[in-house]
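*Asks:* Chain residues, written in single-letter form:
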Amino acid sequence: MKLYKKRDVAIISAAATKCGEHWDKGLKDLAWEAGVKAVEEAGISGKDIEYLVVGNMSGGMFVGQEHIGALVADFLGLNPIPSLRVEGACASGGIAFFQGYMAVASGLYDIVAVGGVEKMTDVEQEHATTALSGAMDFEWEAYFGATFPGIYALMARRYMHEYGLKKETLAKVAVKNHYHGSMNFLAHFRNRISLDEALYAPMVADPLGKYDCCPISDGAALVILAPLEIARKYTDTPIIVKSSAMASDTLSLLKRRDICTLDATVHAAEKAFRLAHIERSQVNLIEVHDCFTIAEILAIEDLGFAKKGEGWKMCDEGQTYVGGNLPVNTDGGLKASGHPVGATGVKQIVEIVKQLRGEVERGRQVNNAEVGLAHNVGGSGATAVVTILARG
Amino acid sequence: MSHIAPPAHWRRAKERYRLLGSKCENCGSTFFPPTKVCPKCRRKGKIAQTEFSGKGKIYSYTIIHSAPKMFEKYTPYILALVELEEGPKVMSQIVDCKPEEVKIGMDVEACFRKLFEQDGEGVISYGFKFRPADNSWKTSY
Amino acid sequence: MRVGIVGYGVYIPRYRIRVEDIARVWGHDAGSIKSGLDVIEKSVPSLDEDTATLAVEAARNALKRAKDVKPSEIGAVYVGSESHPYAVKPTAATVAEALGIVPNTTAADLEFACKAATAGIQACMGLVRGGYIKYGMSVGADTAQCAPGDALEYTASAGAAAYIIGGENLVAEIEDTFSYTQDVPDFWRREGSLYPRHGGRFTGEPAYFEHVIKASKGLMEKLGTNVSDYNYVVFHMPNGKFPLRAAKILGFTTEHIQPSLVVEVIGNTYSGSSLLGLAAVLDVAKAGERILLTSYGSGAGSDSFSIRVTDLIEERRNLAPPVKYYVERKEYIDYALYARNRCLYRG
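Residue numbers (my numbering), protein chains in the order written: chain A, 1010 to 1401; chain B, 68 to 208; chain C, 1010 to 1356.
The following block holds chain A by itself, in its conformation from the complex:
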């Protein structure tokens, strides 16, 4: 028995900071920057916001700061509203959005802010790696020398074995994402790379080289949600949340049914499409969680845009560029636009919103985009959130 009638929800504003190494900005500064941009865009007062959800993976290990919910509310001047920090590794931002969406859809709150923030560069790289490795099974994976690139490399190697993927196609994913990123003012990396640069880069975890791996970035993003019925009070271009769905799977890769499939993505996508009453063919662009190049290929398949074992062909043929059949990661993806882990899921939503409004830089704007999808993953696939957005 449902207590509430589900309401339609819209995004009335969306903003993100530039991703990268923000030596002069701490966690609070980044959250503030994204928050102020979003509030100004919606033309609302902080007083209108009733509830705040913040995605953050590991403030404790990156900057020695927990209690992020209240902290961000304080810094945005939103006290005493309820404020919650959610954590699901690299899917923290996506989960935050899912929570914020439920709060509005359920009728409990009208104006809800969903943020994501991560400050990663205040620790040395090996400590960042250590913090990130907390997203895998500690006792049976990390303890035996597994790293995140290593886990995805195991998936990549098996996928190559099963489906004939070549390293060159992985490199093409990186080349495409750097190309998109080069046109994104907020991207961590704005340089284009050649196929050879990607192909012959130093190895991180064979077969994954330097350009197969996303960077460690600082960054924040924030979107504001409202019931669709009042959204036009705040914006002429509300973006409708057609659906947001989340699923979970085993934390450890070794317990998976198939290491070439992220079942959490499959389940979340099926539910999201069912709830949205939208067909895959209606989707104009997707933002997928390409923490490693192989992940982009797996995502295309697991989201249902290609059969298992055939997703790599779309990347190989260049169909995933802006202008192609299915533009993927038009902001440069995690690879080029950056991966401030707890912020990434919200940052992806921001990109889809801007694309649907026709507001991104020339060259990477998908023409007349009506429907977009964002896909955020935690760990090696233990958490997945899929959100489908459409122009209002």
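Simulated from the structure, these hints should not be mistaken for lab results. By construction, the Cβ of each residue, glycine as well, lies at the ideal position given by its N, Cα and C atoms. Among the hints, a few may not be true.
[As the list claims (entries may be wrong)] Derived DSS-like pairs: lysine-lysine, alpha-carbon spacing no greater than 27 Å straight-line:
#, chain 1, residue 1, chain 2, residue 2
1, B, K81, C, K1143
2, B, K136, A, K1219
3, C, K1339, B, K181
4, A, K1280, B, K107
[Unchecked claim] Residues from chain A that face chain B, not an exhaustive set, calculated with beta carbons under 8 Å:
#, residue
5, T1139
6, W1149
7, F1153
8, G1154
9, G1159
10, H1170
11, R1201
12, I1202
13, A1210
14, V1213
15, D1215
16, E1238
17, T1259
18, D1267
[Unchecked claim] Which stretches of chain B does chain C cover? Using the computed rule of at least three CB atoms under 8 Å from a CB of chain C, they are:
#, stretch
19, 128-140
20, 176-185
21, 202-208
Starting from the known structure of chain A, arrange chains B and C on it as the hints suggest.
*Replies:* Frame of chain A, contents of chains B and C only:
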């Protein structure tokens, strides 16, 4: 994992030393890592400890070039997903094998090695790794 | 009541370094070193191997050969070594845990330079014969330490041998044992020192030969046996020359000692040395043959054993890899990799 306290090593040491997993006496399924419930039988399941033979095949592998500090001195090392002959998969390093020799499907056997030391004064972690299976001694000597 | 060996097993790491590669680093003449020591290469452990891991591998092989012995029936575990990974925390408990011998067992680490594990065998013999335990295990294992550039560097190697001692289902009966011990400063390592020091040529006559010869003679006198009663003789092998000379002094021929001389190709495995030699003999000996084993540990002492092989050897020895397999399973590394594996870069 910045610092692992001795109880955290000790708690799983038996399982890591001897490749101990669990078995459901109701349906016969085996599990690694050890589990407390049989996902198939649920309440009907009866979980008991079982020692795996240590024989398996490489299901997938990678060569780790960039590792966390406690594994840094071992790079480059082979990390693999090994499918045990009893069914479950384990994540483990492959030793006594050159990176260019490792292959999917390769027969491997468990051995006992040092996993890592956090520093020169701390507790040493031991456990299973795998090496290429070599039964030549049964016929050649 | 009879007492003897129920199972035995060995382990030698797969890496080797040639005498030439060490000599080149220090500007020594490889030819004269090889002919002086009768050693051409030595075993080197991997970075992730230490005395505990070598001991576990050897012990697992011993358990395979002991066939029907259940780990829970082993009532004592001793590990003899001079390179225990911890100064305080027993290697023996790690071995017992890794083999599933725990918890109803006694365990201890022993140290008497290169002969601690034969002392462990004697302890097991006593406990078995006294009826206190059904089976006992003694393991000799070392990742031998030596200062870079020291003469020891040409021989100090890594390996392990494990023996399960019991009163029934013997592959070899231990007829008797005899020991000879005195306080001799021929080789030592002070607490906290990384590498041992030694008395050079002083390690020969008053140390190695005095003890090996006297213990061997003492045993034969005690038993009323003589050289002609033995088919094989096995001594501690600090190099290839010493055991051969000791054999000659006692009246044994090269044929008696040759089957045990693994030192030439694996070096001196310290606590594993004489017991690896014994294993090499058990790999080839026939039922009824007798073996004289005499260990040596600096400091100094020797344990001597008279061993008679039983019928059971034929079916048991094929249950685990022989010494020859481990000797021939090898990959050469150069001095730079050797230094990395042995953690010689300490800054």
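*Asks:* None of the hints should be skipped; say for each whether it holds.
*Replies:* A quick look at each hint next to the structure:
The hinted pair formed by K81 of chain B and K1143 of chain C meets the criterion: a straight-line CA distance of about 24 Å does not exceed 27 Å. Restraint check for K136 of chain B and K1219 of chain A: satisfied, since their Cα atoms lie roughly 19 Å apart, inside the 27 Å limit. Of the pairs offered as hints, the one joining K1339 of chain C and K181 of chain B holds, with about 20 Å between alpha carbons and a cut-off of 27 Å not exceeded. As the CA atoms of K1280 of chain A and K107 of chain B are separated by approximately 24 Å, the hinted pair is consistent with the 27 Å bound.
With 8 Å as the threshold, the beta carbon of T1139 of chain A comes within range of chain B, its nearest partner Cβ sitting at about 5 Å, so the hint holds. For W1149 of chain A, the suggested interface contact is upheld, since its CB lies about 5 Å from the closest CB of chain B, less than 8 Å. Because the smallest distance between the Cβ of F1153 of chain A and any Cβ of chain B comes to about 5 Å, under 8 Å, the interface hint for this residue holds. Of the supplied interface hints, the one on G1154 of chain A holds, with its beta-carbon coming within about 5 Å of a beta-carbon of chain B, less than 8 Å.
This hint holds: G1159 of chain A has a C-beta 5 Å from the nearest C-beta of chain B, less than the 8 Å allowed. The interface hint given for H1170 of chain A is met, as the beta carbon of that residue sits about 5 Å from the closest beta carbon of chain B, less than 8 Å. Checking R1201 of chain A against chain B: minimum C-beta separation of about 24 Å lies over 8 Å; hint violated. Taking 8 Å as the C-beta cut-off, the interface hint given for I1202 of chain A is violated, the closest approach to chain B being about 19 Å.
Given hint, A1210 of chain A at the interface with chain B, is violated; its Cβ is 11 Å from that chain's nearest Cβ, farther than 8 Å. Given hint, V1213 of chain A at the interface with chain B, holds; its Cβ is 5 Å from that chain's nearest Cβ, closer than 8 Å. The beta carbon of D1215 of chain A is positioned within 8 Å of a beta carbon in chain B (closest approach about 4 Å), and the interface hint is therefore held. With a least beta-carbon distance of about 44 Å to chain B, the hint placing E1238 of chain A at the interface is violated under the 8 Å criterion.
For T1259 of chain A, the suggested interface contact is broken, since its CB lies about 10 Å from the closest CB of chain B, more than 8 Å. Annotation: interface hint on D1267 of chain A violated; nearest CB of chain B at approximately 11 Å, more than 8 Å. A stretch counts as covered by a chain when three or more of its residues have a beta carbon under 8 Å from one of that chain; for the stretch 128-140 of chain B and chain C the count is 1, and the coverage is violated. Look at the stretch 176-185 of chain B against chain C: 5 of its residues bring a Cβ nearer than 8 Å to a Cβ of that chain, three or more, so the hint holds.
Proximity of the stretch 202-208 of chain B to chain C, defined as three or more residues with a beta carbon under 8 Å from a beta carbon of that chain, is established by the 5 residues found.
Checked against the numbered hints above, the structure violates hints 11, 12, 13, 16, 17, 18 and 19; every other hint is satisfied.
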